[in-house]
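Enquirer: Residues per chain are reported as follows:
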Amino acid sequence: MMSLAQLEIQIIASLVAVACSLVGVFLILRRMAMMSDAISHTVLLGIVLAFFVTKSITSPLLLIGAALMGVLTVSLVELLNRTQLVREDTSIGLVFPALFSIAVILISRFAGDVHIDNDAVLLGELAFAPFNRVKLFGLDFGPEAYYSSGGILILNLLFVILFYKELKLATFDSALAATLGFAPTLIHYALMTLVSLTAVGSFNAVGSILVVAFMVAPPSAAYLLTDKLSRMILYSALIGIFSAVSGYWLANILDASIAGSMATMTGASFLTVYLFAPERGLFAQAKRRQNQRIEFALTMLTMHIANHTAAQEAELENEVVHLNEHLKWSPQFAMQIVGIAERMDLIQQKEGLLTLTEHGLKRANQEFNA
Amino acid sequence: MEIQQLLYDLFFDYTLRTVALGSAILGIVSGALGSFAVLRKQSLLGDAISHAALPGIVLAFLITRSREPIVLILGALIAGWVATLFMLSIIRTTRIKDDSALGLVLSVFFGFGLMLLTFTQKLPDATQAGLDKFLFGQAATLLQRDVITMGIIGAIALLLLSAFWKEFKLITFDPEYAGSLGFPVRFLDVLLTTLLVIAIVLGLQTVGVVLMSAMIVAPAAAARQWTNHLNKMVVLGGLFGAIAGVSGTLISGSAEKLPTGPVIVLCMSIIVFFSMLIAPNRGLIWNWFRTQRNRKLLRIQAVLADLHTLALQHPNEERGHPIATLRSMNAHPEFVSLILNQLKEQGLVQELSKNAWALTQAGLAEAEQTFKKEA
Chain A
1 MMSLAQLEIQ IIASLVAVAC SLVGVFLILR RMAMMSDAIS HTVLLGIVLA
51 FFVTKSITSP LLLIGAALMG VLTVSLVELL NRTQLVREDT SIGLVFPALF
101 SIAVILISRF AGDVHIDNDA VLLGELAFAP FNRVKLFGLD FGPEAYYSSG
151 GILILNLLFV ILFYKELKLA TFDSALAATL GFAPTLIHYA LMTLVSLTAV
201 GSFNAVGSIL VVAFMVAPPS AAYLLTDKLS RMILYSALIG IFSAVSGYWL
251 ANILDASIAG SMATMTGASF LTVYLFAPER GLFAQAKRRQ NQRIEFALTM
301 LTMHIANHTA AQEAELENEV VHLNEHLKWS PQFAMQIVGI AERMDLIQQK
351 EGLLTLTEHG LKRANQEFNA
Chain B
1 MEIQQLLYDL FFDYTLRTVA LGSAILGIVS GALGSFAVLR KQSLLGDAIS
51 HAALPGIVLA FLITRSREPI VLILGALIAG WVATLFMLSI IRTTRIKDDS
101 ALGLVLSVFF GFGLMLLTFT QKLPDATQAG LDKFLFGQAA TLLQRDVITM
151 GIIGAIALLL LSAFWKEFKL ITFDPEYAGS LGFPVRFLDV LLTTLLVIAI
201 VLGLQTVGVV LMSAMIVAPA AAARQWTNHL NKMVVLGGLF GAIAGVSGTL
251 ISGSAEKLPT GPVIVLCMSI IVFFSMLIAP NRGLIWNWFR TQRNRKLLRI
301 QAVLADLHTL ALQHPNEERG HPIATLRSMN AHPEFVSLIL NQLKEQGLVQ
351 ELSKNAWALT QAGLAEAEQT FKKEA
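Chains A and B, in that order, give the protein sequences. The letter at position 226 of the first sequence is residue 226 when you use this note's numbering, and the numbering goes up by one with no holes. The letter at position 225 of the second sequence is residue 225 when you use this note's numbering, and the numbering goes up by one with no holes.
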């Protein structure tokens, strides 16, 4: 039987998953997935600095400080890019470890006995989320994380709905968006602010690594399932929820980290899609290649026979055993193709000699005339 | 006094000496191999690999029940390798871009490692203690034999790097050409990536997962500013890495509660910052001066060109033109009189009478010389 706390944890994780999916889809379409990694680390510095100002670990200023730091990270990366001294991926790799290092040093020097530590931020402690409750007038209004994660989810949802057209245009054709006056830079920074807010609001509950997993893995899986932006958002939200819930139970069974198990399940979901996606999955690709190979071989066979029916050499050329010599087919492959061709009524076999049916002749001629 | 004490400790204090030596080895190896990663546009690969190594470390422990560094390093190596191959196969077979593949592999492998780690920690025997130092790195826990292991593995990696130097250079800058010459590009690619994985795994215990990526990217990015030669860049990268490693160790040893890994990374960041500022030719300051000089040259040429145009329009008369005319022709009228005086000093322009300016013979020749090229 599921306890209330267990249900609450799954609901919180699902809220986070959907909030992350909403911004994650745009991150991966805009080729900025690694920015989520950078931001989810540097917001720690924002939290620490805001904590020094407010001296309180629950102040909403922490959220603002973190969001500002996220935007600062993006700006610093862009500033470095603009010097043209390093490439974009290098600037990401330079900026976020530096800011993260400052945060870690500040924490270990000045905030040793307060409850911010790197472990909690990186790894999250979802199991404790149900214990921080909102209580008003003696009534229990559920865990605090409902409101923080739910609020961020609503914010992201509003942003995506209100600016759907702008986001779409800025993502797929930024030049056109700029020409039409849609201010892609503004959209870009708004999106990055939301990524930071989502990272902060979520990692209290789930840790920064899970934020990255939720922002990248479900949208990537959804990207392999559809070509339509709205569907991609929907699928990625569903995959996110599935990973959150199944990850929770995996953690329950193994008695292991909840965030780690959920990240593992986002990976498992992606792997499943990567293998079995109807059009873009590995198996579908292999099947398509196999079909193309057979189709091509059938055409080759009909053309080969058609080429040699008239001549005397028909006897030499058109025997199954000779196909491996003339078409460079292995005996097994030749048998397989001849079998398929017979079943498709392209050829017929008489005493080991192959001749084209009417149908097969048509196919060969079609190819000759093409 | 304090510095002397610190230097004394560096050579005679066991812990400090061990840690400094370990950090120096790490800096040299990651700086050298990082140069290739940065040039091959794989800066963030280090980030992904260092995260992906975690499940390998835990699995290696789970299977062997041993905490020998060499076993854990081997586990990390295999996991980092699997992650890299997985990433490359995603990029090759789907339309998912490299940044998403990196983020995906990084977070999922790390999450998986975390799950395994917490699972292991709840097993009855408590010998797993210390595995989590790989998360954040605890340089202070380095033992002499850890450093010896690091030294041997690092030396092998650098030896391989120099053995395949020419080949690696070729596949870094022109893989197609390398292929057309018959080099086994795929094999070399895997070998170079493996060496990078080795460098990363070496550093996990010292600086931890998150900061290891900086040790790959930063020394190389700093070295790149100073030179256009691969061999100089690799040597400089190793040198910068070693300097950051040792100075970071010293600084963190000089005060309480200064974790070594982050301090090393900050030292490295400072080196990068100054390299980007002051490196000759590429540095920002150098660049700024060059821009200023070019701008000034262009302004002078503009006035020269205007005078030349005026001279062509009035071919048969020796006459001067007032500053107002020249100002109206110029995009920056405020500089015109200043420039005229400079040109006069150079003997290219003369003031025929008051406020009547014209080219001298030398100025005419100079103008024809300059603007003929453009025509």
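Watch out, some of these pointers could steer you wrong.
Here are the simulated SDA-like pairs of lysine to any residue, each with C-alpha atoms no more than 25 Å apart in a straight line [said to hold, decoys possible]:
#1 B:K296 to B:F273
#2 B:K257 to A:L106
#3 B:K97 to A:M344
#4 B:K41 to A:L106
#5 B:K122 to A:K228
#6 A:K287 to A:T355
#7 A:K228 to B:K296
#8 B:K41 to A:S75
Pulled from the structure, derived: some chain B residues nowhere near chain A, Cβ distances all over 12 Å [stated by the list, open to error]:
#9 R17
#10 P69
#11 S89
#12 D98
#13 Q144
#14 K166
#15 V185
#16 K257
#17 R282
#18 L338
#19 Q346
#20 G347
#21 T370
The hints are simulated quantities; they were obtained by calculation from the structure and are not laboratory data. Keep in mind it's a predicted model, so treat the numbers as computed, not measured. Yeah, the Cβ is synthetic: ideal placement off N, Cα and C, and Gly gets one too.
Enquirer: Find the hints from earlier in the document that the structure breaks and name them by number, from lowest to highest.
Expert: Checked against the structure, the hints that fail are numbers 1, 3, 4, 5, 6, 7, 11, 12, 16, 17, while the rest are satisfied.
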